[in-house]
Amino acid sequence: MSVNNKLQVNLEENLALEKWDNNDLAKVRIRLLRGHLDSVNSCQFVEDADIVFSASSDCSVKLWNFRTGESIKSFNELHNNTITQAHCKPDGSRFLSCGLDKKLKYVDVETGKCIVNYHKSMITSVKFSPSDDKVITTSRDYTAKFFDLVTSTNTISLEGHINVVADCDITNDERNCATASWDKTIGVWDVSTGMYRSKGPTVLKGSHDGSVSCCQFSNDGLLLVTGSYDNSIVVWDLVNNTQKLKLQGHTDWINAVNFSQDQKWLLSCSKVIVKHFHRSRSCNKTCMDSQYTYKWSVHYIAT
Numbered sequence: 001m002s003v004n005n006k007l008q009v010n011l012e013e014n015l016a017l018e019k020w021d022n023n024d025l026a027k028v029r030i031r032l033l034r035g036h037l038d039s040v041n042s043c044q045f046v047e048d049a050d051i052v053f054s055a056s057s058d059c060s061v062k063l064w065n066f067r068t069g070e071s072i073k074s075f076n077e078l079h080n081n082t083i084t085q086a087h088c089k090p091d092g093s094r095f096l097s098c099g100l101d102k103k104l105k106y107v108d109v110e111t112g113k114c115i116v117n118y119h120k121s122m123i124t125s126v127k128f129s130p131s132d133d134k135v136i137t138t139s140r141d142y143t144a145k146f147f148d149l150v151t152s153t154n155t156i157s158l159e160g161h162i163n164v165v166a167d168c169d170i171t172n173d174e175r176n177c178a179t180a181s182w183d184k185t186i187g188v189w190d191v192s193t194g195m196y197r198s199k200g201p202t203v204l205k206g207s208h209d210g211s212v213s214c215c216q217f218s219n220d221g222l223l224l225v226t227g228s229y230d231n232s233i234v235v236w237d238l239v240n241n242t243q244k245l246k247l248q249g250h251t252d253w254i255n256a257v258n259f260s261q262d263q264k265w266l267l268s269c270s271k272v273i274v275k276h277f278h279r280s281r282s283c284n285k286t287c288m289d290s291q292y293t294y295k296w297s298v299h300y301i302a303t
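Just so we're aligned, residue 1 is where the sequence shown starts under UniProt numbering, counting upward by one.
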């Protein structure tokens, strides 16, 4: 969604992407992008461009012109199994993809480049660092890893969770990395000084009763929002490492959470509810629910 809450892309298991106009939270769909042959698992806008990246269980990554709904380019031979996520650089020139085949690929939209797989199990999430020179991945092998895009080497391995690491995020200054795990905890790791090697992470726990599925830092790095399979959303105060706010309202697993650029709103999606809006600072909840099912990814974008 945009910072003025007018644009949002959702995913469905009907093999299509939806583009919505959220004028005053009105449910108006203005574009449906069709072309994938199986479930769409992630999508992302390219800021300052009319392009959407999507990843699917049909083993392809597609680029779309969301103004016209046209498929611009399709990458069909990157993976030999379901692609769980694709994440593009801000300019759209390159993207990362990962899937059930345990492979992590770094792809130039024109030529293509592959990073060797370092995980022992399925990669659950992948994203660029804010500086775009590193990649952070999480995996079913209970770890999160950093890869240097220049040398294609594994520079940091975060170990300590006792179950699947489902998602991660890194602060804009790249000092701290958060990991969300099925062990019902969140790890906040100081990756700038290397203190995680001797002291491990700061562990946030006790608020979620189920697996933690997703996480995101606020722009200033002082807050962290997490979603869980217990159907709840928690906002954490990272200065005091305490729960600031707990949001209820979804009736099924939370699959994605996202802060708006101004940090006043939270966007979340679950298995059975399309959209859920919250005023994150005032704690006054403004919600909009719909009956579409199986939403896996949501993003705010700048317009």
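Derived from the structure by calculation, the hints contain no laboratory data. Even glycine gets a Cβ: it sits at the ideal position worked out from N, Cα and C. Treat the hints with care, since some could be wrong.
As the list claims (entries may be wrong) - Listed next, the in silico DSS-like pairs over lysine-lysine satisfying Cα-Cα at most 30 Å (straight line):
(1) Lys205 x Lys184
(2) Lys199 x Lys264
(3) Lys89 x Lys127
(4) Lys113 x Lys127
(5) Lys199 x Lys184
(6) Lys205 x Lys134
(7) Lys73 x Lys102
(8) Lys120 x Lys134
(9) Lys205 x Lys244
(10) Lys102 x Lys184
(11) Lys244 x Lys264
(12) Lys113 x Lys73
(13) Lys246 x Lys199
(14) Lys184 x Lys113
(15) Lys73 x Lys89
(16) Lys264 x Lys246
(17) Lys102 x Lys127
(18) Lys246 x Lys120
(19) Lys103 x Lys120
Stated by the list, open to error - Here are the in silico distance ranges between beta carbons for each label pair:
(20) Lys205 x Asn172: 22 to 32 Å
(21) Thr151 x Gly249: 44 to 54 Å
(22) Asn81 x Ser152: 39 to 49 Å
(23) Leu32 x Val239: 35 to 45 Å
(24) Lys199 x Lys73: 40 to 50 Å
(25) Pro130 x Asn154: 34 to 44 Å
Against the structure, the hints come out as follows:
1. Lys205 x Lys184: With Cα atoms ~7 Å apart, Lys205 and Lys184 stay inside 30 Å; holds.
2. Lys199 x Lys264: Measuring from Cα to Cα gives roughly 33 Å; hence the hint is violated.
3. Lys89 x Lys127: This hinted pair holds, its Cα atoms lying about 9 Å apart.
4. Lys113 x Lys127: 16 Å, holds
5. Lys199 x Lys184: Judged against 30 Å, a Cα distance of about 20 Å means the pair holds.
6. Lys205 x Lys134: 28 Å, holds
7. Lys73 x Lys102: 24 Å, holds
8. Lys120 x Lys134: 20 Å, holds
9. Lys205 x Lys244: 13 Å, holds
10. Lys102 x Lys184: 24 Å, holds
11. Lys244 x Lys264: 14 Å, holds
12. Lys113 x Lys73: Satisfied, since the Cα-Cα distance of roughly 17 Å is no more than 30 Å.
13. Lys246 x Lys199: With Cα atoms ~28 Å apart, Lys246 and Lys199 stay inside 30 Å; holds.
14. Lys184 x Lys113: Outside the cut-off at roughly 35 Å; violated.
15. Lys73 x Lys89: 16 Å, holds
16. Lys264 x Lys246: The hint holds at about 15 Å.
17. Lys102 x Lys127: Holds - the C-alpha atoms of Lys127 and Lys102 are around 15 Å apart, at most 30 Å.
18. Lys246 x Lys120: 34 Å, violated
19. Lys103 x Lys120: 10 Å, holds
20. Lys205 x Asn172: 22 to 32 Å: Given about 25 Å between the Cβ atoms, the range holds.
21. Thr151 x Gly249: 44 to 54 Å: Given a distance of about 45 Å, which is inside 44 to 54 Å, the answer is holds.
22. Asn81 x Ser152: 39 to 49 Å: 22 Å, violated
23. Leu32 x Val239: 35 to 45 Å: Holds, since Leu32 and Val239 (Cβ atoms, about 43 Å apart) stay within the stated range.
24. Lys199 x Lys73: 40 to 50 Å: 45 Å, holds
25. Pro130 x Asn154: 34 to 44 Å: Because 19 Å falls outside the window, the suggested range is violated.
Checked against the numbered hints listed earlier, the structure breaks hints 2, 14, 18, 22, 25; every other hint is satisfied.
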